[in-house]
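> Here is what each chain is made of, one letter per residue.
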Amino acid sequence: MTGGDIERLIQLLAKVPGLGPRSARRAALHLLKRKETALEPLADALVAAAEKVRTCSTCGNLDGIDPCSICVDQNRNLTIICVVEDVADLWALERAGGFRGQYHVLGGTLSALDGVGPDDLNITGLVNRAHDENVVEVILAMGATVDGQTTAHYVIDRLADCGVSVSQLAHGIPVGGELDYLDDGTISAAMKARRPI
Amino acid sequence: MMHWTDSGFVLSARKHGESSAIVNVLTREHGRHAGLVRGGSGRRLRGILQPGNEIAASWRARLSEHLGSYTVELSGGRAGPLLGEADKLAGLASACAIAEALMPERESHPALYAAFRILMASFEHAPDWQAVYVRWELGLLAELGFGLDLSKCAATGVTENLTHVSPCTGRAVCEEAAAPYGGRLLRLPAFLLNGGNGATPGNDAIHDGLALTGHFLENHVGASFHGKLPASRGRFIDRLRG
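Protein sequence lines, in the order shown, are assigned to chains A and B.
The numbering of the first sequence is the numbering used here, which starts it at 1 and goes up by one.
The numbering of the second sequence is the numbering used here, which starts it at 1 and goes up by one.
In case anyone wonders, no lab produced these hints; they're calculated from the structure.
A few of these clues could be false.
[As the list claims (entries may be wrong)] Looking from chain B toward chain A, a few residues come up when the C-beta cut is under 7 angstroms (computed):
(1) 12
(2) 50
(3) 74
(4) 75
(5) 79
(6) 80
(7) 230
(8) 234
Just so you know, even glycine gets a beta-carbon here, dropped at the ideal spot from N, CA and C.
The task is simple: from the sequences and hints, build the whole structure.
Right under this line is the structure:
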């Protein structure tokens, strides 16, 4: 490996989120010092991921098979679809473990700033899935942001004729949150979404 | 070292690098002004930097022409309470996108700021917030130098029964003079004349108002955004149509 190869490795690592030039240099050195235990397995994993991982044609998830392992899992509830903005959100929900239904990844949110319109998102695919007679509920799990909720309202309109129940994640006080430290918007959203106990 | 503090409304926040954001703020004394917010994409500040939120902003830069950086503090969470209200949220998104696209940068427009403040407050409380929105766009046109003359009829000079506006000159036309031109003139809703009659305007009047302001925003102010209004304005109109 020449100096140029090392420099290229550092430059590519520096493009990974969370790594800057300095940390990329440290990571590169770590990998090069542990060629057999770290660098080669990583290189193999990267090649395998590049070859095998693809976007699920049903839900938009990333997996080694298409349809993805979530879509083909018969132990999951096939009547509920949870709509998320991005694959990272799907992974977050899976980590939390509180949902055992199907997912649908939109691929972003409507954004005037970035020029993202309805045609740039996987909304038509969601509407087609919602027309399936087995689907009874669609849960919207978009972020509590102006763009996220604008997208949610648009999706609600598009699902109006599908005959499914549409629900949305609650907005409010996070676990461990104290009112004194919360912003006004969160407190008023929590107050609006209060429920009887 | 340049430094000022001002109050303002967040118009947009675009992620920059790992955790920062370039934020456009409509400020009271410094107009639409961009700046870098360190940590603006992070968990602590992302909620504050939602479009429509009112903030206290402190801007610093070495030279006045630099982008500079903001430190911000939330003074009024306007976006949060509207997240569940589709029409109002669409109105808020549209107003912010229009202000971002059309207002010149670093040019003080205190009147527009005051009008924007009224608009944001109307989303929370006013039953006729759609009319306030249309009036705000009308005020934006005037402030940018494309004000409509709705004081008298361009053809006859009368001040009563003004029902249309010429799409070329932006001057009002009375019903009698408008009749020969059929559908070529833009309809002028009554609520835009002398503050209207105090009643909440109906859907048709709101759509006429939006069509009127939209025509002049698109065709006269449009050079800065290639003649197309932000998509969020179209979605707002679609929502109001139902």
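> If a hint holds in the structure, say so; if it does not, say that too.
Results of checking the hints against the structure:
1. 12: 5 angstroms, holds
2. 50: Hint on residue 50 of chain B: holds, closest Cβ of chain A at ~5 angstroms, below 7 angstroms.
3. 74: 6 angstroms, holds
4. 75: 9 angstroms, violated
5. 79: 5 angstroms, holds
6. 80: It holds, given that the least Cβ distance between residue 80 of chain B and chain A is near 2 angstroms, below 7 angstroms.
7. 230: 4 angstroms, holds
8. 234: 9 angstroms, violated
Hints 4, 8 from the list above are not met by this structure, while the remaining hints are.
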